[in-house]
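Chemist: The residues making up each chain are set out below.
There are 2 protein chains.
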Amino acid sequence: MTDVPPATTRPADDAAYRGALTDVLGVLAHGSLMASLRMAADADLAPTLGLKTAMAQLAFAEFKAFSDLTNHMRGEGIDPQQAMAPFVVPFAAFHERTRPSDWLEALVKAYVGEGVAKDFYRELAGFVDERTMVAMTAALDESDEAEFIVPVVRAALVTDPRTVGRLSLWGRRLMGEALSQAQAVAVERDALANLLVGGEADLTQVGDMFARLRERHQERMNRLGLSS
Amino acid sequence: MTDVPPATTRPADDAAYRGALTDVLGVLAHGSLMASLRMAADADLAPTLGLKTAMAQLAFAEFKAFSDLTNHMRGEGIDPQQAMAPFVVPFAAFHERTRPSDWLEALVKAYVGEGVAKDFYRELAGFVDERTMVAMTAALDESDEAEFIVPVVRAALVTDPRTVGRLSLWGRRLMGEALSQAQAVAVERDALANLLVGGEADLTQVGDMFARLRERHQERMNRLGLSS
Numbered sequence: 001m002t003d004v005p006p007a008t009t010r011p012a013d014d015a016a017y018r019g020a021l022t023d024v025l026g027v028l029a030h031g032s033l034m035a036s037l038r039m040a041a042d043a044d045l046a047p048t049l050g051l052k053t054a055m056a057q058l059a060f061a062e063f064k065a066f067s068d069l070t071n072h073m074r075g076e077g078i079d080p081q082q083a084m085a086p087f088v089v090p091f092a093a094f095h096e097r098t099r100p101s102d103w104l105e106a107l108v109k110a111y112v113g114e115g116v117a118k119d120f121y122r123e124l125a126g127f128v129d130e131r132t133m134v135a136m137t138a139a140l141d142e143s144d145e146a147e148f149i150v151p152v153v154r155a156a157l158v159t160d161p162r163t164v165g166r167l168s169l170w171g172r173r174l175m176g177e178a179l180s181q182a183q184a185v186a187v188e189r190d191a192l193a194n195l196l197v198g199g200e201a202d203l204t205q206v207g208d209m210f211a212r213l214r215e216r217h218q219e220r221m222n223r224l225g226l227s228s
Numbered sequence: 001m002t003d004v005p006p007a008t009t010r011p012a013d014d015a016a017y018r019g020a021l022t023d024v025l026g027v028l029a030h031g032s033l034m035a036s037l038r039m040a041a042d043a044d045l046a047p048t049l050g051l052k053t054a055m056a057q058l059a060f061a062e063f064k065a066f067s068d069l070t071n072h073m074r075g076e077g078i079d080p081q082q083a084m085a086p087f088v089v090p091f092a093a094f095h096e097r098t099r100p101s102d103w104l105e106a107l108v109k110a111y112v113g114e115g116v117a118k119d120f121y122r123e124l125a126g127f128v129d130e131r132t133m134v135a136m137t138a139a140l141d142e143s144d145e146a147e148f149i150v151p152v153v154r155a156a157l158v159t160d161p162r163t164v165g166r167l168s169l170w171g172r173r174l175m176g177e178a179l180s181q182a183q184a185v186a187v188e189r190d191a192l193a194n195l196l197v198g199g200e201a202d203l204t205q206v207g208d209m210f211a212r213l214r215e216r217h218q219e220r221m222n223r224l225g226l227s228s
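Chains as they are written, first to last, in the UniProt record's numbering: chain A, 1 to 228; chain B, 1 to 228.
Just so you know, not all the hints are guaranteed correct.
Note that identical chains are pooled: a pair holds if it fits in a single copy or bridges any two copies.
The calculated DMTMM-like cross-link candidates involving lysine to aspartate or glutamate, where the alpha carbons are at most 25 Å apart (straight line), are [said to hold, decoys possible]:
1. Lys64 x Glu215
2. Lys64 x Asp141
3. Lys64 x Asp208
4. Lys64 x Asp190
5. Lys64 x Glu188
6. Lys64 x Glu123
7. Lys64 x Asp160
8. Lys64 x Asp14
Hints in this document: simulated from the structure, not taken from any laboratory. As the structure is a computational prediction, the values presented were derived from the model and not from experiment.
Turn these sequences into a full structure, and let the hints steer you where they fit.
Modeler: This is the structure in structure tokens:
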């Protein structure tokens, strides 16, 4: 663990920044918790013990990120439960609307859904102080736990090429629901939205960010053998 | 980690013992994996974020035990997937028949179901070599992650005394289903049954063991404010 200097550009006593920071960590923590629990539940759909274990490992890595983040928050005097509360409804809505109907949908959701969420959180990490950024980056650590998904989905597409269309649509739906919930959050959470728009970024930069998110989403879909 | 001397009374080259050992570790590992995934899925039923987090913590403590156990197995040259395979059906049957219909049932299942399972595994640990026993004991480490359940259930019983009867019945059903699956496993897995019956234990001792399991089950039910 390297020693991180305290924030300089954005002092912790700036109330607006403090509110935004609480939102950033709250959305990330709650997103990780919910993703972890949904992936664990979706492991039920796995056809083999090996795949069930791999999905459980992915869920557990996500829970570890949640756990580390909430520890960081407590250290910063931020109550995790309070910080997560505003995001309970949008995440519940997202997961309710994207309940996988089979194992392949669960795999694509884990790969694509988590991918876009993590890309978004990485973008947010560009707007926070250095100490927070380090904690966020650790939670978002690019691990290869999800990589087991790529060959499994690709093999399924070879076995049954008709699934390409169905899963491509599914990937688009996941992205659409994610963006729709992100927008609902932005409308509700002024501090969070101002961090992006009012801070160093302006509306053009926000547009650029969404373009980057879509681009990386396309790359992930292509890696799975799907079109976006 | 203390240095454990290699097994003396039960040499690792004894094929029958090796078979039994594989079964003991397989049943424990698969039990932990399934319990972890079911508890994570049941966290969906939690009425508050604090309770959801507590249940998730319990689930992932269980996954940690699974993960440590499978590492131990690999170190001993035992393939975890193969060792777990014979227990997939009985555990799936148990969890299918004991799907909680609400949050209180999920809590009682987590507390009582895990309790009796861990008691049983602790009994099994009395029949294995010392190195295995140490690994099993670590996985069964009496943690207090489940203790949050006691006040929550007790508070619910005060609020609605009619739930006492319903949850007491539920606890009995959990115990009944667990024993029924344990019996099915004993019939199928000769090596495992012989470890208990043919080894240092005889049938009387097995009877004593089940009496102890029932007794501790009663204690746990009482702690929750339920009758067994």
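Chemist: Each of the hints needs a verdict: does it hold here or not?
Modeler: Tested hints:
no.	hint	result
1	Lys64 x Glu215	neither (28 Å within a copy, 36 Å between copies)
2	Lys64 x Asp141	both (11 Å within a copy, 20 Å between copies)
3	Lys64 x Asp208	neither (31 Å within a copy, 41 Å between copies)
4	Lys64 x Asp190	neither (29 Å within a copy, 39 Å between copies)
5	Lys64 x Glu188	neither (28 Å within a copy, 37 Å between copies)
6	Lys64 x Glu123	within (21 Å within a copy, 31 Å between copies)
7	Lys64 x Asp160	neither (35 Å within a copy, 36 Å between copies)
8	Lys64 x Asp14	neither (30 Å within a copy, 40 Å between copies)
When each numbered hint is compared with the structure, violations occur for hints 1, 3, 4, 5, 7 and 8.
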